[in-house]
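Enquirer: Chain by chain, the residues:
2 protein chains.
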Amino acid sequence: MAKSQEHSPLDKPHSAAVRLGRWLPTGHWLRCYPREHLVGDVLAGFIVAVMLVPQGMAYALLAGLPPEVGLYASILPLLVYGLLGSSRTLAVGPVAIVSLLVATGITPLAEVGSAAYVQLAITLALLVGVIQALMGVVRLGFLVNFLSHPVLAGFTTAAALVIGFSQLKHLLGIGIPNLEFFELLPYAVTHLAETNWVTFALGGGGILILVYFKQVLGGQLRRWGIWPQWILPITKSAPLVIVVLGTVLVWSLQLHERFGVAIVGQVPDGLPPLTLPLMDMGVWRQLLPTAVVISFVGYMESIAVAKSLASKRRQKVNANQELLALGAANLGAMLTGGYPVTGGLSRSVVNFEAGANSGLASMITAVLIALTVIFLTPVFYFLPQASLAAIVIVAVAGLIDVKTFRHVWRYNKADAASFVVTFVAVLLVGVENGILLGVAAAMLLFIWRSSRPHVAVVGRLGSSEVYRNVLRHQVQCWPNVVAVRIDESLYFANSKFLEDTVLGLVADQPEVDHFVLIGTAVNFIDASALETLESLARQLKDAGVQLHLAAIKGPVMDRLRDIGFVAHLGEPYFHLTTHDAMKAIGVVKE
Amino acid sequence: MAKSQEHSPLDKPHSAAVRLGRWLPTGHWLRCYPREHLVGDVLAGFIVAVMLVPQGMAYALLAGLPPEVGLYASILPLLVYGLLGSSRTLAVGPVAIVSLLVATGITPLAEVGSAAYVQLAITLALLVGVIQALMGVVRLGFLVNFLSHPVLAGFTTAAALVIGFSQLKHLLGIGIPNLEFFELLPYAVTHLAETNWVTFALGGGGILILVYFKQVLGGQLRRWGIWPQWILPITKSAPLVIVVLGTVLVWSLQLHERFGVAIVGQVPDGLPPLTLPLMDMGVWRQLLPTAVVISFVGYMESIAVAKSLASKRRQKVNANQELLALGAANLGAMLTGGYPVTGGLSRSVVNFEAGANSGLASMITAVLIALTVIFLTPVFYFLPQASLAAIVIVAVAGLIDVKTFRHVWRYNKADAASFVVTFVAVLLVGVENGILLGVAAAMLLFIWRSSRPHVAVVGRLGSSEVYRNVLRHQVQCWPNVVAVRIDESLYFANSKFLEDTVLGLVADQPEVDHFVLIGTAVNFIDASALETLESLARQLKDAGVQLHLAAIKGPVMDRLRDIGFVAHLGEPYFHLTTHDAMKAIGVVKE
Numbered sequence: 115m116a117k118s119q120e121h122s123p124l125d126k127p128h129s130a131a132v133r134l135g136r137w138l139p140t141g142h143w144l145r146c147y148p149r150e151h152l153v154g155d156v157l158a159g160f161i162v163a164v165m166l167v168p169q170g171m172a173y174a175l176l177a178g179l180p181p182e183v184g185l186y187a188s189i190l191p192l193l194v195y196g197l198l199g200s201s202r203t204l205a206v207g208p209v210a211i212v213s214l215l216v217a218t219g220i221t222p223l224a225e226v227g228s229a230a231y232v233q234l235a236i237t238l239a240l241l242v243g244v245i246q247a248l249m250g251v252v253r254l255g256f257l258v259n260f261l262s263h264p265v266l267a268g269f270t271t272a273a274a275l276v277i278g279f280s281q282l283k284h285l286l287g288i289g290i291p292n293l294e295f296f297e298l299l300p301y302a303v304t305h306l307a308e309t310n311w312v313t314f315a316l317g318g319g320g321i322l323i324l325v326y327f328k329q330v331l332g333g334q335l336r337r338w339g340i341w342p343q344w345i346l347p348i349t350k351s352a353p354l355v356i357v358v359l360g361t362v363l364v365w366s367l368q369l370h371e372r373f374g375v376a377i378v379g380q381v382p383d384g385l386p387p388l389t390l391p392l393m394d395m396g397v398w399r400q401l402l403p404t405a406v407v408i409s410f411v412g413y414m415e416s417i418a419v420a421k422s423l424a425s426k427r428r429q430k431v432n433a434n435q436e437l438l439a440l441g442a443a444n445l446g447a448m449l450t451g452g453y454p455v456t457g458g459l460s461r462s463v464v465n466f467e468a469g470a471n472s473g474l475a476s477m478i479t480a481v482l483i484a485l486t487v488i489f490l491t492p493v494f495y496f497l498p499q500a501s502l503a504a505i506v507i508v509a510v511a512g513l514i515d516v517k518t519f520r521h522v523w524r525y526n527k528a529d530a531a532s533f534v535v536t537f538v539a540v541l542l543v544g545v546e547n548g549i550l551l552g553v554a555a556a557m558l559l560f561i562w563r564s565s566r567p568h569v570a571v572v573g574r575l576g577s578s579e580v581y582r583n584v585l586r587h588q589v590q591c592w593p594n595v596v597a598v599r600i601d602e603s604l605y606f607a608n609s610k611f612l613e614d615t616v617l618g619l620v621a622d623q624p625e626v627d628h629f630v631l632i633g634t635a636v637n638f639i640d641a642s643a644l645e646t647l648e649s650l651a652r653q654l655k656d657a658g659v660q661l662h663l664a665a666i667k668g669p670v671m672d673r674l675r676d677i678g679f680v681a682h683l684g685e686p687y688f689h690l691t692t693h694d695a696m697k698a699i700g701v702v703k704e
Numbered sequence: 115m116a117k118s119q120e121h122s123p124l125d126k127p128h129s130a131a132v133r134l135g136r137w138l139p140t141g142h143w144l145r146c147y148p149r150e151h152l153v154g155d156v157l158a159g160f161i162v163a164v165m166l167v168p169q170g171m172a173y174a175l176l177a178g179l180p181p182e183v184g185l186y187a188s189i190l191p192l193l194v195y196g197l198l199g200s201s202r203t204l205a206v207g208p209v210a211i212v213s214l215l216v217a218t219g220i221t222p223l224a225e226v227g228s229a230a231y232v233q234l235a236i237t238l239a240l241l242v243g244v245i246q247a248l249m250g251v252v253r254l255g256f257l258v259n260f261l262s263h264p265v266l267a268g269f270t271t272a273a274a275l276v277i278g279f280s281q282l283k284h285l286l287g288i289g290i291p292n293l294e295f296f297e298l299l300p301y302a303v304t305h306l307a308e309t310n311w312v313t314f315a316l317g318g319g320g321i322l323i324l325v326y327f328k329q330v331l332g333g334q335l336r337r338w339g340i341w342p343q344w345i346l347p348i349t350k351s352a353p354l355v356i357v358v359l360g361t362v363l364v365w366s367l368q369l370h371e372r373f374g375v376a377i378v379g380q381v382p383d384g385l386p387p388l389t390l391p392l393m394d395m396g397v398w399r400q401l402l403p404t405a406v407v408i409s410f411v412g413y414m415e416s417i418a419v420a421k422s423l424a425s426k427r428r429q430k431v432n433a434n435q436e437l438l439a440l441g442a443a444n445l446g447a448m449l450t451g452g453y454p455v456t457g458g459l460s461r462s463v464v465n466f467e468a469g470a471n472s473g474l475a476s477m478i479t480a481v482l483i484a485l486t487v488i489f490l491t492p493v494f495y496f497l498p499q500a501s502l503a504a505i506v507i508v509a510v511a512g513l514i515d516v517k518t519f520r521h522v523w524r525y526n527k528a529d530a531a532s533f534v535v536t537f538v539a540v541l542l543v544g545v546e547n548g549i550l551l552g553v554a555a556a557m558l559l560f561i562w563r564s565s566r567p568h569v570a571v572v573g574r575l576g577s578s579e580v581y582r583n584v585l586r587h588q589v590q591c592w593p594n595v596v597a598v599r600i601d602e603s604l605y606f607a608n609s610k611f612l613e614d615t616v617l618g619l620v621a622d623q624p625e626v627d628h629f630v631l632i633g634t635a636v637n638f639i640d641a642s643a644l645e646t647l648e649s650l651a652r653q654l655k656d657a658g659v660q661l662h663l664a665a666i667k668g669p670v671m672d673r674l675r676d677i678g679f680v681a682h683l684g685e686p687y688f689h690l691t692t693h694d695a696m697k698a699i700g701v702v703k704e
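One line per chain: the protein sequences are W and E, in this order. Converting from the first sequence to this note's numbering requires adding 114 to each position, the first position being numbered 1. Converting from the second sequence to this note's numbering requires adding 114 to each position, the first position being numbered 1.
Watch out, some of these pointers could steer you wrong.
Remember, identical chains collapse to one label, so a pair may be satisfied in a single copy or spanning two.
With a straight-line cut-off of 25 angstroms between C-alpha atoms, the simulated BS3-like cross-links for lysine-lysine are [as the list claims (entries may be wrong)]:
no.	residue 1	residue 2
1	LYS426	LYS610
2	LYS426	LYS328
3	LYS426	LYS517
4	LYS655	LYS610
5	LYS655	LYS430
6	LYS421	LYS655
7	LYS517	LYS610
8	LYS610	LYS421
9	LYS421	LYS517
10	LYS517	LYS328
11	LYS527	LYS517
Keep in mind that the hints were calculated from the coordinates and are not lab data.
Construct the complete structure from the given sequences, taking the supplied hints into account.
Expert: The structure is reproduced here in structure tokens:
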């Protein structure tokens, strides 16, 4: 991968930046910032800010928080990530799924929208930050691999549905109580008559505009011969467009007073205050499960998009450095009245496509958002909540991942099953327990698979030293010998299978007096399987059959020798290869 | 195993018994009962009854039930098991660990000793019976293999400690409230002054007598030249001895009135009434977790002892038939005022050693216990509870399994870890959640292991077609080729490991332009690993390296072909053997 490596620390040092760089990840962009990167970074920073202002407020609302919290979470965290992150194009900030997890975790502990609720969100940012940073320091980044792709896809798809339906109340202007997923739709349908049609027109119109910008406008602009560099900024300004449009409509027609359209209302202006989390072990313990899930899911979403973008430009992303950077970004959110953040998929793609070359783009975004909270918050007073709901709904619709399910279904039913289990569990028992169930199901399915391994009775191929499956090849066998290859490590979950298989084969072939177990695919024998092997050897001996072990791998053999099993069965019954075993038994000569 | 098979159904048919036998397991003992078996069966049935009367009452007390429930659970269940069981020597009835699980599961739902409590125990027997019978019918016996030996040993050891300490209150005559394990000892110590010394003398004396009978008496009798057949009955009558002794002492000295020694009191006489469980879905749902754990643990204990005894006489035990028989026995317990039963370890060993040849021994035991509840219950009035506590304590002391821990510690640290996790979890979070945690830990450790598989960079051995680990053998390598064997199936938990390993090896060897991944130990590739392979192929290509796959197993190759990966990477880059790959790359000629 020499070709895709970062600048080496020996590349033209740049005085002060170098000294700072010592404390930052190796090969960081600050060391030697090339001027030609500036245009791309500024443009990307600007476009992402335009997306992030409405998204930040919308996701904060989704999390049950006041809209300004979403903006606060888009300032310091972005500066910190820009400085520390190993991805050059990841756009950090509030994202839909983390916002949903925040809402799920905090709602039972405080009233939505209350000061205590905000305090809990800040505390959650602390916990997530500490967990992610610690995982980075002790290099636990690999742990996220226990979240398999199908589980993550099933989780995301179900979470997108949960989020989408949670916005129904804003879209229809109906007061919907806190309901389970499957109770929500029936409730909404039975209360459809209460719909505030003006609100619905604003929200539904917003959705149409967003979809038009996303699906149609780009092609039109290209056909109309618009300068290509302008197409991305225009299409990605859709959230801004509906926010402006919604605000202007409400303000000019006084829709909030005349028709009771729900609006954002007073948003405090000025930079976020310095905030501190709750220092209460009891609260921490209550928030811990949520914090763990957010840490994993947030990191997983982040690293996946960071990696895929980096590989397009042959750059590298360092998993543990990413954890550190995300952790630090969350601690930044904690200090400035924010809530947990992570790298967002769509935002990062926009950042990348708009030409972001370094963390500077993130920093420019942060500065623009800071200017927004200083100067523009009075403008948001008349912003209808339905417009924000429309933004959330269109954003999460893109997360529904039917393609992965179809692919996985074709390839491997166990993977498909873990997708389905996660999907259904998230809808039935909630996002947090749902993903935990999904992870457990994926592991169980893996263990289930290895508990019924592939077994091949083998015979000699011609006069070679090669022994192959009797069902797939024309091979030579002997009535008094059974030779079997088990294609799996031997451990507790398949030790009974091993016993049944061996005893069954011996029972089927009454003339047998030698049984050869071939270990080419046995990477490991645990204590339960060892006990089974001991009992097998005894049972076979009782039935007049000698057990042989052939082609046991070095490390496995060392273990068996240490524990005394080699001496117990007898050294002469261990053979380097299957062929050696056959020679020792005497059925083949050379 | 032809030699150890049961009587074939064609062996001398015995009229009526044959007709009945059609409904019973193949080759059942009833078909042709040889007369010479009778003496052993009668003797064994008698000795087990002598053990079971006090044990049954003691375990019922441990379960928080009136003593007669333990006796009731020792009549019909034994008849049923004797008829249906595939083991000839298993002695079914109340056992310590199941009794503990019953207590743990029911105590939160009803007051100990109340009629509702007994009803719940009966309902639990229904659920356990149905679960076990269903598992037998749909052949889920293999499921218990997910309970590894170290987990079971850790569980048993911790449960023995919990049970032993739970008897402190009876042994000392102190009223101890329902406490966590770690609070119990401090509480008992601080309340030691309240000890009822007469009670303690009865209990402590009982323990001494039991230990003496168990450890010393057998040798003495042999030295004294006692007829060997008499030694077992005498040593195994210890529980009866202390029960008789305790009863006589209390009665003759009126210890219960003069010193407040707790006695068993009124035990209803006559055969158990016909009982029916609670038919309440809500209750069933509450009891279900406990019932599942009892079903598994009970079956596990049972099948282990049944198998080990059967193999000593070269008989066979059928796992699914055992589940059916145990399930039926539990349904029997449910109908006759009992509580969940299973095959007991020590009792079965005594049954076996006393010469039991068939289920007739169990039936004789059942008849003797029935006679006891009809005629002898008034005798139990003065039986001190401390004597029963002594029986429980000595019985569970034998379950503490340090040997397995030591063995497993030497052999495999992951197994030792799952022993320790289960042991600690049972003590900290309780028996039920403890064993579930242990099972989860064992699975996680297995997955953890396979997430960091053994990897060997290989080279050519001399001028052979054999490629071996460069670290273990003198082999030939080429600067532009890396060939690697990964000794594990590729799946979500190790897909990142795979990626890091491959990219790391390529980065270390800048001249490389062919990477050969050898699949001899890859039994399976899941969707996550497939995605990783696709991304690896792309990343390697970007770096100017061609990925080759060699020696992929047939079933795995079929999958890769179906999903289009073979076409994606290119058919020419798949090779039957490592040697073929090297020939295709051109570094070897023939």
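Enquirer: If a hint holds in the structure, say so; if it does not, say that too.
Expert: For each hint, the structure was consulted:
{"no.": "1", "hint": "LYS426 <-> LYS610", "result": "between (48 angstroms within a copy, 18 angstroms between copies)"}
{"no.": "2", "hint": "LYS426 <-> LYS328", "result": "within (23 angstroms within a copy, 75 angstroms between copies)"}
{"no.": "3", "hint": "LYS426 <-> LYS517", "result": "within (21 angstroms within a copy, 57 angstroms between copies)"}
{"no.": "4", "hint": "LYS655 <-> LYS610", "result": "within (18 angstroms within a copy, 44 angstroms between copies)"}
{"no.": "5", "hint": "LYS655 <-> LYS430", "result": "between (58 angstroms within a copy, 15 angstroms between copies)"}
{"no.": "6", "hint": "LYS421 <-> LYS655", "result": "between (56 angstroms within a copy, 16 angstroms between copies)"}
{"no.": "7", "hint": "LYS517 <-> LYS610", "result": "between (38 angstroms within a copy, 22 angstroms between copies)"}
{"no.": "8", "hint": "LYS610 <-> LYS421", "result": "between (42 angstroms within a copy, 12 angstroms between copies)"}
{"no.": "9", "hint": "LYS421 <-> LYS517", "result": "within (20 angstroms within a copy, 49 angstroms between copies)"}
{"no.": "10", "hint": "LYS517 <-> LYS328", "result": "within (19 angstroms within a copy, 67 angstroms between copies)"}
{"no.": "11", "hint": "LYS527 <-> LYS517", "result": "within (15 angstroms within a copy, 42 angstroms between copies)"}
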